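With the hints as your guide, set chain B onto chain A.
The listed protein sequences correspond, in order, to chains A and B.
Quick note: the first sequence uses the working numbering, first residue 16, plus one each step.
Quick note: the second sequence uses the working numbering, first residue 16, plus one each step.
It is possible that some hints are incorrect.
The list cannot tell twin chains apart, which means a pair is met if one copy fits it or any two copies do.
Below, simulated BS3-like cross-link-like pairs (lysine-lysine); rule was C-alpha separation at most 30 Å, straight line [as the list claims (entries may be wrong)]:
| hint | residue 1 | residue 2 |
| --- | --- | --- |
| 1 | 419 | 248 |
| 2 | 138 | 18 |
| 3 | 412 | 230 |
| 4 | 230 | 55 |
| 5 | 17 | 392 |
| 6 | 248 | 186 |
| 7 | 55 | 17 |
| 8 | 230 | 18 |
Read the hints as simulated data drawn from the structure, not as lab findings.
Just so we're clear, the structure is a prediction, and the values are computed from it rather than from any experiment.
There are 2 protein chains.
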Amino acid sequence: MKKLSLGFLGFGNIGVGVWTLINDMYDEIATNNGVELDIKKILVKDINKEREVDVDKSLLTTNPDDVINNPEIDVVVEFLGGEQPAAEYMLRALKNGKTVVTANKMAFALHWSALHNAAKETKSGLYYEAAVCGAIPIINAITESMQGNRIDHLYGIVNGTTNDILTRMEKNGLSYEEALKIAMDLGLAEPDPSSDVDGHDAAYKLSILASLCFKTNVKYSDIYIEGISKISKTDMEYAHNFGYRIKLLAIAKNDGGRIEARVHPTFIPIEHPLANINGSMNSVFIHGHACEDMMFMGRGAGSLPTASAVVSDIIRSTEHKSHVYPNFYNNGNFVVDENWESAYYLRFAAKDTPGVLSKISGCLGENNVSIQAMQQKGTSTNARVPVMFITHTACEKDIQKAIKAISDDVATLESMIRVENL
Amino acid sequence: MKKLSLGFLGFGNIGVGVWTLINDMYDEIATNNGVELDIKKILVKDINKEREVDVDKSLLTTNPDDVINNPEIDVVVEFLGGEQPAAEYMLRALKNGKTVVTANKMAFALHWSALHNAAKETKSGLYYEAAVCGAIPIINAITESMQGNRIDHLYGIVNGTTNDILTRMEKNGLSYEEALKIAMDLGLAEPDPSSDVDGHDAAYKLSILASLCFKTNVKYSDIYIEGISKISKTDMEYAHNFGYRIKLLAIAKNDGGRIEARVHPTFIPIEHPLANINGSMNSVFIHGHACEDMMFMGRGAGSLPTASAVVSDIIRSTEHKSHVYPNFYNNGNFVVDENWESAYYLRFAAKDTPGVLSKISGCLGENNVSIQAMQQKGTSTNARVPVMFITHTACEKDIQKAIKAISDDVATLESMIRVENL
Numbered sequence: 016m017k018k019l020s021l022g023f024l025g026f027g028n029i030g031v032g033v034w035t036l037i038n039d040m041y042d043e044i045a046t047n048n049g050v051e052l053d054i055k056k057i058l059v060k061d062i063n064k065e066r067e068v069d070v071d072k073s074l075l076t077t078n079p080d081d082v083i084n085n086p087e088i089d090v091v092v093e094f095l096g097g098e099q100p101a102a103e104y105m106l107r108a109l110k111n112g113k114t115v116v117t118a119n120k121m122a123f124a125l126h127w128s129a130l131h132n133a134a135k136e137t138k139s140g141l142y143y144e145a146a147v148c149g150a151i152p153i154i155n156a157i158t159e160s161m162q163g164n165r166i167d168h169l170y171g172i173v174n175g176t177t178n179d180i181l182t183r184m185e186k187n188g189l190s191y192e193e194a195l196k197i198a199m200d201l202g203l204a205e206p207d208p209s210s211d212v213d214g215h216d217a218a219y220k221l222s223i224l225a226s227l228c229f230k231t232n233v234k235y236s237d238i239y240i241e242g243i244s245k246i247s248k249t250d251m252e253y254a255h256n257f258g259y260r261i262k263l264l265a266i267a268k269n270d271g272g273r274i275e276a277r278v279h280p281t282f283i284p285i286e287h288p289l290a291n292i293n294g295s296m297n298s299v300f301i302h303g304h305a306c307e308d309m310m311f312m313g314r315g316a317g318s319l320p321t322a323s324a325v326v327s328d329i330i331r332s333t334e335h336k337s338h339v340y341p342n343f344y345n346n347g348n349f350v351v352d353e354n355w356e357s358a359y360y361l362r363f364a365a366k367d368t369p370g371v372l373s374k375i376s377g378c379l380g381e382n383n384v385s386i387q388a389m390q391q392k393g394t395s396t397n398a399r400v401p402v403m404f405i406t407h408t409a410c411e412k413d414i415q416k417a418i419k420a421i422s423d424d425v426a427t428l429e430s431m432i433r434v435e436n437l
Numbered sequence: 016m017k018k019l020s021l022g023f024l025g026f027g028n029i030g031v032g033v034w035t036l037i038n039d040m041y042d043e044i045a046t047n048n049g050v051e052l053d054i055k056k057i058l059v060k061d062i063n064k065e066r067e068v069d070v071d072k073s074l075l076t077t078n079p080d081d082v083i084n085n086p087e088i089d090v091v092v093e094f095l096g097g098e099q100p101a102a103e104y105m106l107r108a109l110k111n112g113k114t115v116v117t118a119n120k121m122a123f124a125l126h127w128s129a130l131h132n133a134a135k136e137t138k139s140g141l142y143y144e145a146a147v148c149g150a151i152p153i154i155n156a157i158t159e160s161m162q163g164n165r166i167d168h169l170y171g172i173v174n175g176t177t178n179d180i181l182t183r184m185e186k187n188g189l190s191y192e193e194a195l196k197i198a199m200d201l202g203l204a205e206p207d208p209s210s211d212v213d214g215h216d217a218a219y220k221l222s223i224l225a226s227l228c229f230k231t232n233v234k235y236s237d238i239y240i241e242g243i244s245k246i247s248k249t250d251m252e253y254a255h256n257f258g259y260r261i262k263l264l265a266i267a268k269n270d271g272g273r274i275e276a277r278v279h280p281t282f283i284p285i286e287h288p289l290a291n292i293n294g295s296m297n298s299v300f301i302h303g304h305a306c307e308d309m310m311f312m313g314r315g316a317g318s319l320p321t322a323s324a325v326v327s328d329i330i331r332s333t334e335h336k337s338h339v340y341p342n343f344y345n346n347g348n349f350v351v352d353e354n355w356e357s358a359y360y361l362r363f364a365a366k367d368t369p370g371v372l373s374k375i376s377g378c379l380g381e382n383n384v385s386i387q388a389m390q391q392k393g394t395s396t397n398a399r400v401p402v403m404f405i406t407h408t409a410c411e412k413d414i415q416k417a418i419k420a421i422s423d424d425v426a427t428l429e430s431m432i433r434v435e436n437l
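The following block holds chain A by itself, in its conformation from the complex:
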């Protein structure tokens, strides 16, 4: 029987989930996987804090060195969240030859290269399944089950909070503010929800996924990011009318070394499987030249679902280590494409006078943007009427130019949302 001694950095929601799961499944994991998982030390802020689980206080410490520099500990499991000191602690643990398992997308995405080099130097294991999409084994799928593929694109719903908000807006006809408030009341959104709703959380995950898919380091700073706070009930309704649903998508594409990586609200066809991923569920849709389309769905967050991924990583670390070194850090042979092609949904408040439609479509046409579908809502007592377009595929820079060319005298742009005809 193998024995593995674990040290935890942090003991919040996920840490408690891992503690619970390891205690609950101790005998079954020993029987089924031939390994006994013993938790030796847990770094906390306050030893005397009341906790929901009955943890032996002698395991708790406020000194990170009791975990990182503890010669008895084989695996350091990091749940601190945030960039620092999490990244520094993981780096030190790796330099000490310990395997690191992390659920921290931010620290991992921003410091992957340094962590990777440290792991390589000391031949330590580095595992991060739980950092992306909670329970879904998407890291394992890409690294261990798709090696024969050239992966050319991936679309992901990788943030459960925003998907919950968008689902509530759509199903219950709520405004963004109303749906956000419910998500906050339910504990799905943080008191400061900006990391989720502004798309940053999704971008950290996309950085990790795109890097693994394309075997080149797609950095967080390479990613175009736009959040969901400007999505309106009106746009939700028009999306339906045109046959679409609005999701916050993480999109990565590789066309022969030209790489796109972007996170933004997206119109996707209502009958596509991703359009039916609702509430806080996560899903990744991925295409390889051999496997073709694959989709993975599951819980992207939550204490036990995330713990499920962490515990798997810990068990896997007893078996094999070398796959944790993605062989791509010297690969600079790609370009991040900021002038991607997409279709677009445009909603204008247009002046209700003859010739206005012709002026708008003229500005679009002059910038190589052609129109695929148009809707105009019956006039009201207002001097402005809503006019909506879905364009054919156009270049991002052309659409931006076209929008600028349309004078506010003619029509004001109220909303621009990219469209992926998956």
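Just chain B now, with coordinates in the frame of chain A:
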């Protein structure tokens, strides 16, 4: 750089796919995964047959010993299909200490125990991702990403041929015979389609999945099997009316050691993600106590998608071997439950006279079957009218008794389809 010498048993559709993928991806696999995959020998029936790929004839042999007993070969990859001689060849290869990778669900499901013991004895690797659901990494997910879970149920659409037939029946209003003919014309169904349409192919896959999920050997012979050939357009329509869609589901449940394993056409709620898996796609929906719901979707068959799984297994075999020994062969501590609980759809041709409905519902009630929904179609000139019921949850044996108790003078059972309210 590691080198791995491969021998193929068989060179049909999947074998050619693996040959193509390995040749196409040779350099990339060497760079990304640090292993060179060299195909040394290929067992074929006829060396001089015209082939769609340009394979060096010196690699071809008609003598299985040139692969199985070849000291130069590390990994034997089996694509023969069918039970024998595939199982015997794999067994001999394992006894010779070679790693075996197979895409053959039938030979593997029926001979798993013997193959497992041989692999254990010689410490050889045994890999079978491609045997279940083609490209979908469901074996890897269960064995390498869900170890912290007690898996309590799984529902799978694991046969693409029948899913294609059912999708065509539903979308295009075709009869079973018409949809089967199209599937045969497209090459999706074999000239003798019985293994697919009668549910046997799905049952081999379910035997493998249920065994891994429940860590006990659920044999093919433990599985209740019913095919799709009696599904009618009429039932498709009534399914819709009641809010369901008909899929051939592979179902496995574990309730504290009472295990159900069954393959049959099933009503599933129209809004469930599995209800939207169309055409030849496969999907597995699985629930663990920690990870909660997870779903995997992808190509369940086809040359390159299946090759994608085979090539991954070959690459993974260089890294780790011990996980291929499921630790469950002495676990007899479970009961196969043949009196499972389910809801039921029943369609009768009932005599159009007063009191008939009361007689039918009386027979159901006397056998502990209560009715959740009922539809009666307007009478015609016939003496018999269609009457459809959806029951509440009932026991399989009770429903069978109730059906027998209803006299043909009153109503004839035209159709009975199980309902899973997922």
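Find the hints from earlier in the document that the structure breaks and name them by number, from lowest to highest. Hint check: 5 fails alone, others pass.
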